[in-house]
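Could you build all of it, start to finish, from the sequences and the hints given here?
Here the protein sequences line up with chains U and G, keeping their order.
Position 221, counted from 1, in the first sequence is what our numbering calls 253; the numbers after and before it change by one each time, with no gaps.
Position 39, counted from 1, in the second sequence is what our numbering calls 42; the numbers after and before it change by one each time, with no gaps.
Hints may be right or wrong, so weigh each one.
As the list claims (entries may be wrong) - So the derived list for chain U, only partly shown, Cβ under 8 Å to chain G, looks like this:
# : residue
1 : 143
2 : 222
3 : 243
4 : 247
5 : 276
6 : 280
No wet-lab data here; the hints were simulated from the structure.
We put the beta carbon where it would ideally sit given N, CA and C, even for glycine.
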Amino acid sequence: MNIIKFLDDFTTSNILDGKSSRRDIFGTFGDLGKKAAIAAVPFGLAALSSKKAYAQSMDADPVGALQLALTLEYLEDEFYDLALQSGVLPTGRPETVYMQISKHEQAHVDFLIAGLEGAGVTPVEKPTFDFTAGGAFDPFNENGAGQDTAYAQLLALAQAFEDTGVRAYKGQAGNLLGSPFLTAALQIHSVEARHASEIRRLRGLKGWITNNERGTGMPDATQPVYNGEENVTHGGVDVTTLGNGEAFTMEASTEAYDEPLSGDDAVAIASLFIVEE
Amino acid sequence: MKKKIIKVHQPKGFNNRRQFLKLGGLAVAGSGLLWACSSDDDQGMMPPPDSEVFDLGEGDLGVLNYAYALEQLEADFYTKVVNSFYGSISDEEKQVLTDLYYHEVNHRDFFKTAITAAVEGNTELVLPTLEFDYGDLDFGNRDQVLGTAKVLEDTGVAAYNGAGKLISNPDYLLIAGKIVSVEARHASAIRTLINPGSADFAGDDAVTVDTGLDAAMDPSDILAAVAATGFIKTEFTANNLP
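Laid out in structure tokens, this is it:
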């Protein structure tokens, strides 16, 4: 982009306050180019086929954090697109909810790609996804699971993806500290949480995570999404010791705080649905 | 340099609260506003020159005190909600509002403890316990309770999202992250209670359509909006936050 325009945008105080135009925000992303130039190693699909190297790289800096975010957004975006095309979703609330979420995931993909490119970084390419996870699921009813089973899996996978997204963005916050990407990442993070709450409630669960429970009807394979959510100590304070009432039980205390997921753990979860080539 | 303190007075009432977030978008001339709205008729009067009004502070301490103020408001509001549920409340609504009460009380007490520890017991630096006044808000009215809850939760999300960049300690940033996503989960649930079956949980009024981004607002904008509700009676300043 035009460097003068970028500098102009970047000195505008409200660039990342959610009211600015896409162009303005890209301008802000552009600033990372200067910082990222030092560490910018474009990630390609090749990196994805080496999970360990990928994850290590991803934890290292703001660019890695955003590449991980983009990978997860690709996954969610394609999942919701296919879900809406599958004919499995009932009309009414489920379809309305999936359409709204799909709209956001597409926007997140576009936003992150443009932002990375604006920063002079090559975005990771979209992986090839397999939402059957090697035949374990049939969320789009392509293999004869039947509408009811497929729909149940469609909801379960959406919950797992959204709860993972919330934890993964949170896990990258520290890597974005001091970078102009932080606010935008937080603004995506809370949208993922809104999605997660709605999907969970659509499934008949609470919108928040109790202990490390994945919830009724969630496949065993999704437990890694919830491991660690039972933590009650934040900044050295065990919140269950703060009082005696219902607000300080394990249940309420774990619900009141969401936990981060490391880049490694987020990649491991996403990798279940990525076909290595 | 100490900024001039201006008494903010806003009439109370539900119509006013509906503008809560909108007000946040208004430019505030100088951030040295006094965040208080008693029902006194002293609009426009200056406070005592050497007032002992608490200032939230600067840097991470300022952000923590700011979060503590918002959590005090949320906790107090839901305490009142659960102590006198509106009539004909559904089981689902009762469960959601009770959980929100638990969570916000937990957040509030966490901040009090964490800030007190951070300032090594120098309690003069910890925001005092605030007093609240909900004016003519009718806690027996479902629409008013859920409508206010929605605004409080959306405002909490925008506040934490906007405060992240002001935090320098990664531990505090992570804690803010742990809380903001729960506030967003709350906002989503309340919005669906208000309009079941809709896309409001992450509605176009909250999430910018072409970027998919939630709101992020500076403390001055958030506090101006909070002041406009008149809910917080205790005066404090945020002279060292943007």
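Minimum beta-carbon distance criterion (8 Å), residue 247 of chain U to chain G
14 Å, violated
Is the shortest C-beta separation between residue 143 of chain U and chain G less than 8 Å?
Check passed: Cβ of residue 143 of chain U comes within 5 Å of chain G, closer than 8 Å.
Evaluation of the interface hint that places residue 222 of chain U against chain G, nearest CB under 8 Å
Interface hint status for residue 222 of chain U: holds (4 Å vs cutoff 8 Å).
Hinted contact residue 280 of chain U with chain G - closest CB pair below 8 Å
Cβ of residue 280 of chain U sits 6 Å from chain G, so the hint holds.
Given residue 243 of chain U was flagged as interface, is its beta-carbon under 8 Å from a beta-carbon of chain G?
Violated: closest Cβ of chain G sits about 14 Å from residue 243 of chain U, beyond 8 Å.
Holds or violated: residue 276 of chain U as interface residue toward chain G, Cβ cutoff 8 Å?
At about 11 Å, which exceeds the 8 Å cut-off, the nearest Cβ of chain G leaves the hint on residue 276 of chain U violated.
Comparing the model with each numbered hint stated earlier shows that hints 3, 4, 5 do not hold.
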